[in-house]
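These protein sequences, in sequence, are chains A and B. According to the numbering used here, the stretch in the first sequence is residues 1 to 404, in order. According to the numbering used here, the stretch in the second sequence is residues 1001 to 1716, in order.
Hint data in this document are derived by calculation from the structure and do not stem from the laboratory. Note that beta-carbon positions come from the ideal geometry of N, C-alpha and C, so glycine has one too. Please note that a few of the clues may not be correct.
As the list claims (entries may be wrong) - If you want the ones that stay clear, here's a sample from chain B, every Cβ over 12 angstroms from chain A, calculated:
| id | residue |
| --- | --- |
| 1 | Val1024 |
| 2 | Gln1039 |
| 3 | Ala1100 |
| 4 | Gly1185 |
| 5 | Lys1414 |
Stated by the list, open to error - With beta-carbon atoms standing in for the labels, derived distance ranges:
| id | chain 1 | residue 1 | chain 2 | residue 2 | range |
| --- | --- | --- | --- | --- | --- |
| 6 | A | Thr142 | B | Gln1190 | 54 to 60 angstroms |
| 7 | A | Gly222 | B | Leu1032 | 39 to 45 angstroms |
| 8 | B | Ala1091 | A | Ile235 | 50 to 56 angstroms |
| 9 | A | Ile128 | B | Ala1091 | 46 to 52 angstroms |
| 10 | B | Gly1096 | A | Ile235 | 39 to 45 angstroms |
| 11 | B | Val1011 | A | Phe232 | 22 to 28 angstroms |
| 12 | A | Gly188 | B | Asp1084 | 53 to 59 angstroms |
| 13 | B | Ala1025 | A | Ile235 | 27 to 33 angstroms |
| 14 | B | Val1011 | A | Ile235 | 54 to 60 angstroms |
| 15 | B | Gln1248 | A | Ile128 | 47 to 53 angstroms |
| 16 | B | Gly1021 | A | Ile128 | 54 to 60 angstroms |
| 17 | B | Thr1022 | A | Gln236 | 27 to 33 angstroms |
| 18 | A | Val57 | B | Glu1246 | 45 to 51 angstroms |
Claimed, not checked - One-sided and incomplete, this derived list gives chain B residues near chain A with beta-carbon spacing under 10 angstroms:
| id | residue |
| --- | --- |
| 19 | Ser1005 |
| 20 | Ile1010 |
| 21 | Ile1016 |
Letter by letter, the chains look like this.
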Amino acid sequence: MSQNDSLTSMSGGGPAASGGQGHRFLGGHAEGRLSYWRRVDWWLVVPALLLSAGSTVFVWSASRADLAPEDDPQYFLVRHVINITIGIGLAFIVSRFNFRLLRAYTPVVYVLSIVGILAVYSPLGLSIAGARAWISLPGGFTIQPSEFAKVALVLGMALILAEKLDAESEPRDRDVFWALVLAAVPIGLVLLQNDTGTALVMSVIAFTMVAVSGARRRWIIGLIAGGVLAAFVAIQLGILRDYQILRLTSFLDPEGESGAAAYNGIQARIAIGNGGMFGRGLFEGPQTQGNFVPVNESDFIFTVIGEEAGFLGALICIGLLGLVLWRGLRIAMNADDLFGRLVATGVLAWLAFQTFENLGMAMGIMPITGVPLPFVSYGGTSMFASWIALGLLVNVKVHTDSNA
Amino acid sequence: MSERSNLRLIVLGVLIVSLLGTLVARLSYLQLVAGEEYQAAAANNSTREVLTPAVRGLILDQRGRPLVANRISLVVSIDRLALDREDDEGAATVAGLAEALDITPAQITDRLLPCGQEGAAKPPICWDGSPYQPVPIATDVDPETALAIMERRSEFPSVTAQLESVREYPQPFDANMAHLLGYVGPVSQQQLDAQEDSVDPARLRSRDLIGRNGLESQYDSELRGIPGITSLAIDTAGRVTGTVGESQPVPGNYVVTHIDSRLQAVVEEELEAAVKRARSFGNDGESGAAVVVDVRTGGILAMASYPTYDPDLWVGGISTRDYDRLLESRALSSNAIQGTFPPGSTFKPITTIAAAQEGYDLGGTYDCPSDYEVGSQTFRNFESEGFGPITLQRALEVSCNTVFYRLADEMWLKGGGNAATVESPDPIADAAARFGLGQVTGVDLPGEAPGLVSGRIEKQATWEERRDNWCAEAKEGFPETRAEDVELADYFTALSKENCLDGFRWRNGDAINASIGQGDTAVTPLQMAMVYAAIANGGTLYRPHLAKAILTSSGEVVQEVLPESVGTVGDEASMAFLRDALIGVTVDGTGRSSFEGFPLDQVPVASKTGSAQVFGDVSTISWYTSFAPADDPRYAVVMMVTQGGTGSGTSGPSVRAIYEALFGVNGSSVNPKRSVLIDAAPADQLPVVRPDGTPVVPGLDDAAARLTDDSLAVRR
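Bound conformation, chain B alone (with noise of 0.2 angstroms):
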């Protein structure tokens, strides 16, 4: 045989085994190196998932009672893509069910329509959930109607009846919450796809509910639990061919609080009644808020918010009229942490700090005379009462404006007056800033705001946002204004002017209304209680916080959440100090009248009363922030109503009125078995929540007992 036969023979061997080690390469890389991924392909092509949700963890105050349970609710609910598939897309069966659940046809369809498309009512009225899921239209629907619409499965297709756990909200003692406690509503497409391709078990699913606001959307990730999956093996007609795994829905874990629901509702009708007085007075009464909180831990025992709503509304799904309603009541947002308000005179102690932290003694004595005079400006005393050289802590009980004056136009000019650039010194400003004003306290709530601090760089912020629109306004004259009155709008030109020019300096009149929380400065009614609790507690600012501790649904701790200081805000003489004078502000100073004949001597308060002023307003916000007890400080208590009137007129009833409940005072006797907390404190042990997921409540007689003895009446 020829050489260039044996030649090409080598030339086939040399390329089959190249051949051959091509395969071997391609092999490796299919089964060894890209493996997981065609594992993961294959996993998705060939299975699919069946959930059982997960039972959603329980909200508990600090005693164990439940604040947000479940319970079994009949659901009528629409497939949206089932509706569109039908031949007049479905406005038969809207109609039908309609008249099934003797509801308008428009409520439903108000319902279904996506939010963001044409003509869709705002959420969440409108459907922000996927597309996928069901809408619910209907809960709590009586079993007879539930079963007249399945047994018509011919004429709804589209329609689905069963049975869901809904959100309960068992309103222990009455008390609302619905501030705190947040609402679920369904997860929508954009947190769903957020998560990419999360393969994480405690993933959202399209159906989920997802907490929508308060502790429900804080916690949700601890309160959603982890649903059971079951895999089924299928082919590739869609036959269930096996199980490929199966794991138990893992329960949501329990959210336990430092609320006390006794004493919450003790806060919400002690607000409200608040609010009334203001009306009585002849004043608005527009909103209020209250918080009260443990000074040694930061916990929130209490916190209301003026108006409120019915938290069951949410349930599943809101009306179109209950929403609009909500929305006219402005019920929405919390102004214990969402509002915020001029602090007025109770931000005085952050002015005596500053004060003092600037060399000021604070045992001097200074002059307090009826009008502060600066330049052409005149800043008067409160209703023009002079009470000449007094003390600092009398100029705190008797609230006296001119004293705080002078000692900010003082401290002005030490920092540069009216040459001081945006970095030169603001005593006020920083003790403010200490005090944790003008930032987020760090609440376990979602949407908290920050307020505001007046102050050299607010002010120069401000300027430098709203300059253009000044200057604008200077160059056209108010145009409107001028047709009707040329003076005002000469003023309001001349005014606009100025801020054009220079509305970035910070003035002594500035630094005057500064000191006595006037101005710009604006406050959440949370964070002022964290400012008196940090001088009750002798200079320590905690984190708020509403979650006491993480258990799982069958009792073990996750989490204990342990007091966050973030911050000093002061040396324990100035704190001293400021104790000594806020007593006296209670014994005999402005809030006298509202503690008139409460036993002192037994439980000693310490309070600031404030009456501040908003532009526009016709009447003052009522301010009453106080602690106690003051000698060996447990609670610090505020309360304010806008267009309340006086601190003390107003709130100050009230906050007496919630110190009798804590302290279990009647008349002048102080009994603690009185007390709406359980052994008159707040609980020092989490409460204990059997393994089949019942919290123990304390026992009903106890709590009889207590109903039956005279603390009702302490509470009305």
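Okay, chain A solo, but in the shape it has when bound (with noise of 0.2 angstroms):
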């Protein structure tokens, strides 16, 4: 069976039932003919669709309290809910890709992120927060290049990490070595941009996906070792400004810290920490209504979370979340071939970081960065790119279902 006919059956006639009825006692592996929707992965899926459902109330309490009473208090809560639908939509889009084509398509998808980077600097670039990381589109939306680049990123070095036909040998270093320089490039201009959370999201990609790849351990050790040289050189030459550091390392002390990072880290842990068990009730956290939190409803929306759901609230997020990264971590151990395994791994880091990241600043165990909560936070870019993510992590799975 080949993708071509998978497209077909999917486009034609109505998926599920096409797909569901004809096969349901027939062994799917065996007869290798599963539809598109019997080879989703519905426990990655659904706990995803589940994150976005969910967040639309978080986002709702978060930003009613930030509108005058004269704004329509649903203003973000309409936003929120078409990011996510376009959101799925692209997702959608993406999982049913052929996945040859996809291969084909990613060298013009890189040149495409890499213009759209450099557009920040052009008229239409917004500044936000200090990061020159935005461009502002017609009707009031904006969009934030480096967030689709990561998606170009992930791509880019699995085409090239994966190029080698023998699949049983490691890359040669000489693709190693050129899957770094396609990774330096955007890390280097998103960090020109003062958007440091995002290219930390990206070494962090970059380093899987170059580990995973079966790079000789001195890749490994080597790209460990850089990493550790250029922060130092970065923060001894004065190339981070000191507001960079400070935002970096105020989560080690900050009851000794009186700046606002430090400030928005206490006022962070307030609000989760006033949840409690069980919450206060939607729309009734006190620190949540009275924006003592600041972008809690995209950054800090586990804030929103923790103080107005509770422990519980806040565990069936980080468990959602969890499911997501375990069927991730699945797909790319299954993936039969290592561009699919590659792509599988660098969603796989980008996910996980993030969420790590973004929940260990809001709990005040990472240093506050902005950093989206995926599928969650408020935001149309962080929202699209998510959706792709997982919409690439089902390709794969459809991918190796059908080739099994």
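Take the two lone chains and join them into the complex the hints point to.
And the structure:
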């Protein structure tokens, strides 16, 4: 069976009907003709859907308080729901994309994303919270090209690292080198835009992909050493500005630090701690409704969940994210070619690190950087990117099953 | 795919699981372990409290008459923090406000300076409240003035004029009671700090008034109440976003006292009359005190101190002039509980009890010579009169000193004489301690003085404290005195040298002085009242108390203060002996002149006179201690006047007048209906407070009938 077949069968008749009934008793893998809908990993998709669905009430709760009374209280809610809908649509398209075509289009996607990042310097560029990382679009929409660049990074690196035909041996050093060059370009550009958080996520993606590609150990050691050295040099030469260092280190000594970053961190922890076991109830969190936590509809959305839904709500949130990551790992493990495995690994590293960084910063065990919570935080581009990432995972899974 | 790749994926998986575990652990800590802490922080963050002050509780007399109440007053205050922010640090505001209020700017600045700051006046004129609390400048401002000030808000941005509840002293029957009631003042920063992070709703807050003396201070926590708190939710910009919680203010509790204000008025008048009497005899008559207690309960029915002051002076803050005058008149402290004086002959019953316990026969006969010699010293009887051999009862009646001198000398010798140590027996001091002297009575008033019992222990302690001083004096030889009078300087030097060497030794001369309440022994009039109350009731020493009960503002009883015995002073036989002897004092002893013509057959009075010498004073302290009716004692009455002359001459007539008021005596007739006490007895029921908080006061017609009665004549 080829990917082409599955594509036609899917775009053809009612997908659920054609897939489900015909093969229920036939034993999926042996038959090898499972429909797309049967091959989708619902343990992956449903938790992500639940996360996005649940996020709407918390985004609503958080954003209501920001708005002036004369504004439409559902302003952010409506946009959030639109973003999720678009994101799911994008995921659907990405997941059903011909696997071979995906590889073919990768260079285009990569170049486009670099152009996108550079477009930030055009008159359309927009600076938010010290980071020049946005492009304003007509209609009040903004997009953050660096989010899409993560997709390009994952695909681009997977393409180069999996180029070699012999799947049983590790990538050649030359491939690893070029993969790293490919990663360095967007990371460098994003760093120049003061978007440390995204640069960090990209670096983690690149490192993880190189590691899982099977590259020789010296690459791993070299990358770690290089990272440490780069951080040291950046601090010593003053490349990182004081406020950047402060932002990164304030979590170490929150009570002793009086800066705005420390204040935000303290307020975030107060909000979460205030939730207790069962939470204050939706719309009832005093920290949330009093606007004590900044950007709590996007980067600090977890403080709203923590305060209003309490420990139970927050635990469910972490649990759903954990499910997504577990299924991502499974997909990477089971992938039957290196390209698929590396795509899945890149996406996994991306979602895992963003989850840990975002929740960690809200709870004061990670530095505060502008990293959104996948599937949950308000923000169009990051929501699209999360769902595209999910779409890539589904694509790999579907491809794997159809090859089995 | 390579094994290496698989392995690294597994490592990645382990890493992800451990990171998720870390997140869950941290979440549990924040929300479950440290949750309360963060909840408190959140509450603090996002709510502001608006307080509705609680009405302070009333203080009532035993019949429900308000002694301290509240009224509404227009108060002009200055917010010091706002004043300091003005361009000229508020100079223009102060000047303008002084003009508007018709006072001097200095009067305002005196009030504004925090106590302890350089140039600040003494407390309570200086500001000892919280810096965040507006300082009241003028109370009872007339509405026109207040309105004029508020209309000039732009001129006086830091000044407010608002209606506030202030304390009022109704002074029923013109009873003053300043020392009993005390006053309220702003809470101090130290008191606020001392509470630390209290979240008790009844805690002190920076705008609170707090009792600063008397009952207001003693029962402050009962009287203060709990303010109503409206918790408003606010956002980061300080906008009110809603009401989180609301509680109604709980008015302060009422304190019902044993005081009968009508009796109190009589006692105050009679004390003043005694002081004037002392002056009419050519004495200085500086000050005095009078106490009436219920011997069956220890309840204080009346207690007065002279001189006194107008408690209204404190309302809204006292002025410098008034305060200086108060200090000068020495009217601030209560002589009844804070002044200590030698008891003189009123101490003799205690010496009697000591002798009885040492085995002396109370029915025996003792020689009363005109003087008693010990070594080179001669101790004289009062006016050097000798009575020859007399009974001990007669010795008390005529107050024969030499009888007690001999008893003291013999007991001293028996206790070891000069060879005695500090542990050797000291029967007189022991008896005095049993009667509660040398220690606070535990009355429910702040600042009570313990007094002193002269004895071996006391002498040793004094010597240890002053030895260095004495020795230094002996060495220096009083050079200043020596320049003028060599002989006197020699005498002083010898005295200091003796004190330096063995000033710790309790000599027979000391014991002899102690036996008649002289020497270092010092007592408060309240202590003496409790001594005589104990003799009257058969030997039970009660803790004196003013409060009879605590009621809620709607009249429910919170707590009834029950009589509290703190010890027994002697056996029934000794007490009976003393009662008879003290009756004899009134009938045919030193107290006779005071009670000439008093119907002692119907109202037997037991009493003791005292004329105590004070080193440096021209005249003696006039003491009159008593209880009645002696056959079924109910009241103990004690009065003393410093620089007052004799007990019977100065205080005696006033004590008699107090008994006349208590029992309704007019001339030689007794009519209980004329008593200043309703039903001629202390109230046995608690007063009734209506649910709206107003106490039921004895009917006006009732009172009017009494006032037109000749009881008024009794009072004069």
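Subject >> Outside-interface status for Val1024(B) - nearest CB in chain A farther than 12 angstroms >> reply: Given a closest Cβ separation of 6 angstroms, the condition is violated.
Original post:
Per the stated criterion, does the least C-beta distance between Ala1100(B) and chain A lie above 12 angstroms, as a non-interface residue requires?
Top reply: holds (42 angstroms)
**OP:** May I ask you to check that Gly1185(B) keeps its beta-carbon over 12 angstroms from the closest beta-carbon of chain A?
**Re:** Since the minimum Cβ distance to chain A is about 37 angstroms, Gly1185(B) lies beyond 12 angstroms and the statement holds.
Subject >> Beta-carbon spacing of Gly222(A) to Leu1032(B) - inside the hinted bounds 39 to 45 angstroms or not >> reply: holds (43 angstroms)
Original post:
Taking the beta carbons of Ala1091(B) and Ile235(A), is their distance inside 50 to 56 angstroms?
Top reply: holds (54 angstroms)
**OP:** Using the Cβ atoms, figure out if Ile128(A) sits within 46 to 52 angstroms of Ala1091(B).
**Re:** Because 50 angstroms falls inside the window, the suggested range holds.
Subject >> Outcome for the supplied range 47 to 53 angstroms, where the beta carbon pair is Gln1248(B) and Ile128(A) >> reply: holds (49 angstroms)
**OP:** Could you check that no beta carbon of chain A comes within 12 angstroms of the beta carbon of Lys1414(B)?
**Re:** Nearest chain A Cβ is 73 angstroms from Lys1414(B), so the label holds.
Subject >> Interface hint status, Ile1016(B) versus chain A (Cβ within 10 angstroms) >> reply: holds (5 angstroms)
Original post:
Does the hinted range 45 to 51 angstroms hold for Val57(A) and Glu1246(B) at CB?
Top reply: violated (29 angstroms)
Original post:
Would you say the C-beta atoms of Gly188(A) and Asp1084(B) sit inside 53 to 59 angstroms of each other?
Top reply: holds (55 angstroms)
Original post:
Measuring from beta carbon to beta carbon, are Ala1025(B) and Ile235(A) in 27 to 33 angstroms?
Top reply: Hint holds: Cβ distance 30 angstroms, inside 27 to 33 angstroms.
Violated hints, in rising order: 1, 2, 10, 14, 16 and 18; the structure is consistent with all others.
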